[in-house]
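Per the numbering used here, residue 9 is the first one in the sequence shown, and the count goes up by one each step.
In short, the hints are calculated from the structure, not lab data. There could be a bad hint or two in this list.
For lysine-lysine, the following DSSO-like pairs were computed, each having C-alpha atoms within a straight-line distance of at most 30 Å [stated by the list, open to error]:
#  : residue 1 : residue 2
1  : K203      : K96
2  : K191      : K230
3  : K192      : K205
4  : K153      : K205
5  : K86       : K96
6  : K153      : K96
7  : K191      : K205
8  : K151      : K191
9  : K153      : K10
10 : K230      : K205
11 : K230      : K10
12 : K151      : K96
13 : K203      : K151
14 : K10       : K191
15 : K203      : K191
16 : K230      : K151
17 : K192      : K230
18 : K96       : K205
19 : K151      : K205
20 : K230      : K203
21 : K192      : K10
22 : K151      : K192
23 : K153      : K230
24 : K192      : K153
25 : K191      : K153
26 : K10       : K203
27 : K153      : K203
28 : K205      : K10
29 : K96       : K230
30 : K96       : K191
31 : K203      : K192
32 : K10       : K151
Per label pair, the in silico range of CB-to-CB distance [stated by the list, open to error]:
#  : residue 1 : residue 2 : range
33 : V45       : T107      : 21 to 31 Å
34 : T232      : G90       : 42 to 52 Å
35 : G65       : K153      : 36 to 46 Å
36 : E182      : G210      : 16 to 26 Å
37 : K86       : H22       : 25 to 35 Å
38 : H67       : F40       : 15 to 25 Å
39 : D163      : H22       : 34 to 44 Å
Cβ coordinates follow ideal geometry from the N, Cα and C atoms, glycine included.
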Amino acid sequence: MKNITLHRANTRGHANHGWLNAHHTFSFASYFDPNRVQFGVLRVLNDDIVAPGMGFGTHPHDNMEIITIPLEGDLAHKDSMGNTEIIKFGDVQVMSAGTGIQHSEFNPNHDRRTNLLQIWVFPNQQNVTPRYQQISLNTEDRKNKFQQILSPNPDDDGVWIHQDAWFNMANLEEGANLTYNQKKQGNGLYIFVIKGKVLVEGYELELRDGLAITDFTAVAIKATANAEILLMEIPMINND
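Input sequences plus hints: build the corresponding full structure.
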C-alpha cells in the first residue's frame with residue numbers, strides 16, 4: 009500500500025527579506041520543522057522570488073547536488089569554476105558541489121522579478137570533482153506528457169547528477185491523465201504543483217502543494233484544471 013504525506017503550500021516555511029521572498033518545503037535557514045527535514049535524499053525544495061537587481065552574494069557549497077529551475081525571469085550565475093551564465097525559463101542548471109565550490113546568483117533585470125526553484129539532493133558519492141551543467145529545454149515537449157529533465161545518466165535526456173534520481177515536468181490541460189511509473193525499486197516520489205490543480209491518489213493538489221509518496225510502482229495523475237507539475241523520484245536512503 010502506498011504511503012502518502014501531503015504538504016500544503018501554506019504549511020511551508022516562509023521568509024521575506026524584502027529582496028528575497030522565499031518559501032521552504034523542507035527545513036532551511038531559520039525555518040526548522042523536525043517532521044520536514046528531508047524526504048529521502050531530497051533535502052531542499054525552495055521556491056524563491058528575487059527582486060529586480062538583487063540576489064545571493066558569493067557563498068560556498070560542498071557535497072550536494074544543487075538543481076536550479078527558473079519559473080519566471082532570469083538568473084545570473086557566477087562560480088569559482090569560472091562559469092558565468094544566464095539561466096532562463098526553460099533552462100535547468102545543476103552543480104555537483106563535491107569537494108567545494110563558491111557561487112553567486114542574482115536577478116540581472118531591473119524591471120521584473122525572478123522566480124526559481126532551487127533543489128538540493130544528497131549525492132551518492134562524496135568529494136567528487138565539482139561540475140556545472142546547464143541545458144535549455146523545449147517546454148512544448150512536456151504538453152500532456154512527462155519531459156525528463158534530470159537523471160543519473162549523462163547520456164539520458166536532461167541534466168545528470170550523482171544520485172539515482174529522475175526528475176520530470178509536465179504541462180497538463182484540464183482533464184488530461186498521466187501515469188508515472190517508478191524507475192528504481194525502493195525510490196520515493198515527490199510531486200510539486202507549480203501551477204493549477206491535479207488529482208493524485210485521491211488528493212486534490214493546488215498551487216505549490218506537495219505530495220510525498222513511498223511504496224509505489226505507479227502513480228496516476230489527473231489535471232482538474234490546467235496545471236504544471238514537477239515530479240522528483242529519489243532514493244529514500246543515501247547510498248554513498
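Verification of the hints:
no. : hint                       : result
1   : K203 with K96              : 18 Å, holds
2   : K191 with K230             : 20 Å, holds
3   : K192 with K205             : 27 Å, holds
4   : K153 with K205             : 16 Å, holds
5   : K86 with K96               : 14 Å, holds
6   : K153 with K96              : 22 Å, holds
7   : K191 with K205             : 25 Å, holds
8   : K151 with K191             : 21 Å, holds
9   : K153 with K10              : 23 Å, holds
10  : K230 with K205             : 9 Å, holds
11  : K230 with K10              : 18 Å, holds
12  : K151 with K96              : 19 Å, holds
13  : K203 with K151             : 14 Å, holds
14  : K10 with K191              : 16 Å, holds
15  : K203 with K191             : 25 Å, holds
16  : K230 with K151             : 14 Å, holds
17  : K192 with K230             : 23 Å, holds
18  : K96 with K205              : 25 Å, holds
19  : K151 with K205             : 15 Å, holds
20  : K230 with K203             : 14 Å, holds
21  : K192 with K10              : 15 Å, holds
22  : K151 with K192             : 25 Å, holds
23  : K153 with K230             : 12 Å, holds
24  : K192 with K153             : 20 Å, holds
25  : K191 with K153             : 16 Å, holds
26  : K10 with K203              : 25 Å, holds
27  : K153 with K203             : 15 Å, holds
28  : K205 with K10              : 21 Å, holds
29  : K96 with K230              : 28 Å, holds
30  : K96 with K191              : 28 Å, holds
31  : K203 with K192             : 27 Å, holds
32  : K10 with K151              : 27 Å, holds
33  : V45 with T107: 21 to 31 Å  : 25 Å, holds
34  : T232 with G90: 42 to 52 Å  : 46 Å, holds
35  : G65 with K153: 36 to 46 Å  : 39 Å, holds
36  : E182 with G210: 16 to 26 Å : 19 Å, holds
37  : K86 with H22: 25 to 35 Å   : 28 Å, holds
38  : H67 with F40: 15 to 25 Å   : 20 Å, holds
39  : D163 with H22: 34 to 44 Å  : 40 Å, holds
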